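**Q** Top to bottom, those sequences are chains B and L.
Going by our numbering, the first residue of the first sequence is number 1, and it counts up by one from there.
Going by our numbering, the first residue of the second sequence is number 1, and it counts up by one from there.
Worth flagging that the hints you see were computed from the coordinates, not collected in a lab.
None of these values were measured; they are calculated from a predicted model.
Please note: incorrect hints may appear among the correct ones.
[What the hints assert, rightly or not] Here are some, though not all, of the chain L residues that point toward chain B, as calculated from beta-carbon distances under 8 Å:
id: 1; residue: 23
id: 2; residue: 24
id: 3; residue: 26
id: 4; residue: 126
[Unchecked claim] Dumping the calculated BS3-like pairs for lysine-lysine here, alpha-carbon to alpha-carbon at most 27 Å:
id: 5; chain 1: L; residue 1: 2; chain 2: B; residue 2: 237
id: 6; chain 1: L; residue 1: 87; chain 2: L; residue 2: 138
id: 7; chain 1: B; residue 1: 107; chain 2: L; residue 2: 55
[As the list claims (entries may be wrong)] A few chain L residues facing chain B, derived, Cβ under 7 Å:
id: 8; residue: 257
id: 9; residue: 265
id: 10; residue: 333
Ideal placement from N, C-alpha and C gives every residue a C-beta, glycine not left out.
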Amino acid sequence: MSILIDADTKVVVQNITGREGSFHTVQMLAYGTKVVAGTAPGRGGREVEGVPVFDSVREAVDATGATASVVFVPAPFAADAIVEAADNGIGLIVCITEGIPVLDTMKVCAHVRAKGSRLLGPNCPGLITPGQCKVGIMPANMHAPGSVGVVSRSGTLAYEIAGQLTALGLGQSTCVGIGGDPIAGTSFIDVLTLFEQDPSTQAVALIGEIGGTDEEEAAAFIAANMKTPVVAFIAGKTAPPDRRMGHAGAIVSAGRGTAAEKIAALQEAGVTVGVSTEELVQAIAAIA
Amino acid sequence: MKTHEYQAREALARYGIPFPPGQVAETPEQAEAIARELGGKVVIKAQIHAGGRGKAGGVKLAGSPAEAAEWTRAMLGSPLKGRVVRKVLVGQALSITREFYLGAVLDRAAKSVGVMASAVGGVDIEEVSRSSPEAIVKVAADPLMGLADYQTRDLARAVGLAGDQAREFGTIAKALFRAFVECDCSLLEINPLALTEEGDVIALDSKMVIDDNALYRQPSLAALRDIAEEDPAEREAQRVGINYVKLDGNVGCLVNGAGLAMATMDAISLYGGEPANFLDIGGGANAGQIGAALGIILRDANVRAVLINIVGGITRCDVVAQALVDLIREGALAVPVVARLVGTNAAEGRQILAGTAVALATTMAEAAQIAVALAAGSAARRPAGAGRTGPGEVAR
Numbered sequence: 001m002s003i004l005i006d007a008d009t010k011v012v013v014q015n016i017t018g019r020e021g022s023f024h025t026v027q028m029l030a031y032g033t034k035v036v037a038g039t040a041p042g043r044g045g046r047e048v049e050g051v052p053v054f055d056s057v058r059e060a061v062d063a064t065g066a067t068a069s070v071v072f073v074p075a076p077f078a079a080d081a082i083v084e085a086a087d088n089g090i091g092l093i094v095c096i097t098e099g100i101p102v103l104d105t106m107k108v109c110a111h112v113r114a115k116g117s118r119l120l121g122p123n124c125p126g127l128i129t130p131g132q133c134k135v136g137i138m139p140a141n142m143h144a145p146g147s148v149g150v151v152s153r154s155g156t157l158a159y160e161i162a163g164q165l166t167a168l169g170l171g172q173s174t175c176v177g178i179g180g181d182p183i184a185g186t187s188f189i190d191v192l193t194l195f196e197q198d199p200s201t202q203a204v205a206l207i208g209e210i211g212g213t214d215e216e217e218a219a220a221f222i223a224a225n226m227k228t229p230v231v232a233f234i235a236g237k238t239a240p241p242d243r244r245m246g247h248a249g250a251i252v253s254a255g256r257g258t259a260a261e262k263i264a265a266l267q268e269a270g271v272t273v274g275v276s277t278e279e280l281v282q283a284i285a286a287i288a
Numbered sequence: 001m002k003t004h005e006y007q008a009r010e011a012l013a014r015y016g017i018p019f020p021p022g023q024v025a026e027t028p029e030q031a032e033a034i035a036r037e038l039g040g041k042v043v044i045k046a047q048i049h050a051g052g053r054g055k056a057g058g059v060k061l062a063g064s065p066a067e068a069a070e071w072t073r074a075m076l077g078s079p080l081k082g083r084v085v086r087k088v089l090v091g092q093a094l095s096i097t098r099e100f101y102l103g104a105v106l107d108r109a110a111k112s113v114g115v116m117a118s119a120v121g122g123v124d125i126e127e128v129s130r131s132s133p134e135a136i137v138k139v140a141a142d143p144l145m146g147l148a149d150y151q152t153r154d155l156a157r158a159v160g161l162a163g164d165q166a167r168e169f170g171t172i173a174k175a176l177f178r179a180f181v182e183c184d185c186s187l188l189e190i191n192p193l194a195l196t197e198e199g200d201v202i203a204l205d206s207k208m209v210i211d212d213n214a215l216y217r218q219p220s221l222a223a224l225r226d227i228a229e230e231d232p233a234e235r236e237a238q239r240v241g242i243n244y245v246k247l248d249g250n251v252g253c254l255v256n257g258a259g260l261a262m263a264t265m266d267a268i269s270l271y272g273g274e275p276a277n278f279l280d281i282g283g284g285a286n287a288g289q290i291g292a293a294l295g296i297i298l299r300d301a302n303v304r305a306v307l308i309n310i311v312g313g314i315t316r317c318d319v320v321a322q323a324l325v326d327l328i329r330e331g332a333l334a335v336p337v338v339a340r341l342v343g344t345n346a347a348e349g350r351q352i353l354a355g356t357a358v359a360l361a362t363t364m365a366e367a368a369q370i371a372v373a374l375a376a377g378s379a380a381r382r383p384a385g386a387g388r389t390g391p392g393e394v395a396r
């Protein structure tokens, strides 16, 4: 078991002929992901690594039955790519692209929701169900199958935690990167809800960072709804206020969104919060 | 991207939002001429990218053109809130009966544009939100439908306006929302929005922050960028596609990924050190970017040691390691360096660094401890190019 993706997930890569799209298609195929199609407007009929390329998502879905997409489309055109995927029945749209104007993301989130699809990201590493399927850009060898669910705003920090878990023999059910933008299609609560329902997930590592209130909302959700133990780490304790720390969404503004507030909210909800990534992993080891 | 008040004012005026007449002056003579043309009392406001100007002495009332020139002379070139004043806005002074706040922000939780109003205007709205949050009313505009008329009526009523004034307020709120969306703002405020003795609703001050990710499609707004307000090192980093934020410690950090970069800073702090910077080289950085990143870190004279933490995904550890070796060969590494490389091509990367002066760590915790120890044991140094002031010099 796992959440969102498994060995049967059929994936279409949007902008498969681009540098990132083609590179990660190779990586995903090597991992065993069923990459059944790619899209590149005007380049239909070609193949990338044996994967057929279509002009549109509609043609790709009609020909292959793809149910998930991964978007490597450049920022100015990525919102349109997400809309195209949602309009053609793609249930899970994973947007890797960084730098999408936030007002575009806002509209796209509303549209995707109205279509009954799920958007993961943008500006995210994607997700991986170790041993079965990866839809994204994470280094696969840092992951192993198991029962720890990982959900993170940061990509590399999620790899870091997964790598440490794997080194201790603690595999993961699914690792989900929700992305570093101020507005994202999928929140911590959305992923926690799925982990809570997944019998194979025995513990959850939640990796948050400064900015916004997604962690605080997650804390309230955990206290009210979760039986699966959750352990957390919050990055940015040393970040100065009013400075954007790389991620568009990682900013303490008007004194809100600090690591201290998030840590306090999580602790109040009974969540163990590691002061370091190592401490988070040890806390997981103690319960998993 | 932040803008100056006068720039925000010009942008909002295009949407029909009323402001008192006024113009920007860069010399006392210009200020005097503008004041003479406006007649009566004028307000002189320093144009810097910082709030709280009034309290800091950056806003003055002048009763005559001569006084306007005097205040302008006093402000221009002088430091204010850590910046240097280069321009002032000279505007007509009005008799005000009430002051409101009206603003549009990204409502991250509601995934929409939040439009906020308060009857407590003209003061620091962040302070109001902390001390009396109930004094601020907020509506969420639907991302696809926009701000509805009924929502502007709700806001007007909540701040105590009725009749013609409520309608004027509603028109301004709609215009503000339209400007927010069309200009790709992440923050757009009118503070205060004032009620004059004549009963008109008019904007006295405004603040506009543009979404950096949208600048590519906002060329006229992108042109408003004032690089004099930016840190030279941060500007240089931005130019080469790196995210860099200068901090006050002595352990430089070079990391791939924003979350990992923050966690690395936190780890340095946890082990008793202080990070000198946040630096995210992004995904798939090339040798040029890594060299530029190290250059930026080392130009900070406080830096005594550098921690390189790479969890390779798109970023290849061997590329980072090779760039490091090249820099050592050029003699460009003036401080001790500890590197921790895991993920894509980590074994190759570690092999490239084996036998060099770069210390190797296996975990982030170990790397942080080594870096803190190296910084403590490393002598104070002069920065590369000390004694000269080049364009890349960190001016702090």
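**Q** Each hint should be assessed against the structure and marked as holding or not.
**A** Outcome of the hint check:
1. Evaluation of the residue 23/L hint against chain B yields a violated restraint, the C-beta minimum of about 30 Å exceeding 8 Å.
2. With 8 Å as the threshold, the beta carbon of residue 24/L stays out of range of chain B, its nearest partner Cβ sitting at about 25 Å, so the hint is violated.
3. Interface restraint check for residue 26/L: the shortest CB-CB distance to chain B comes to about 28 Å, outside 8 Å, so the restraint is violated.
4. Of the supplied interface hints, the one on residue 126/L holds, with its beta-carbon coming within about 4 Å of a beta-carbon of chain B, less than 8 Å.
5. Taking the CA atoms of residue 2/L and residue 237/B, the gap is near 25 Å; set against the 27 Å cutoff, the hint holds.
6. For the hint pairing residue 87/L with residue 138/L, the CA-to-CA distance comes to about 34 Å; that exceeds 27 Å, so the pair is violated.
7. The straight-line distance between the Cα atoms of residue 107/B and residue 55/L is roughly 39 Å, outside the 27 Å bound, and the hint therefore fails.
8. At a threshold of 7 Å, the smallest CB-CB gap from residue 257/L to chain B is about 3 Å, leaving the interface hint in force.
9. Using the Cβ-Cβ criterion of 7 Å, the hint placing residue 265/L at the interface with chain B is satisfied: the shortest such distance is roughly 5 Å.
10. Evaluation of the residue 333/L hint against chain B yields a violated restraint, the C-beta minimum of about 24 Å exceeding 7 Å.
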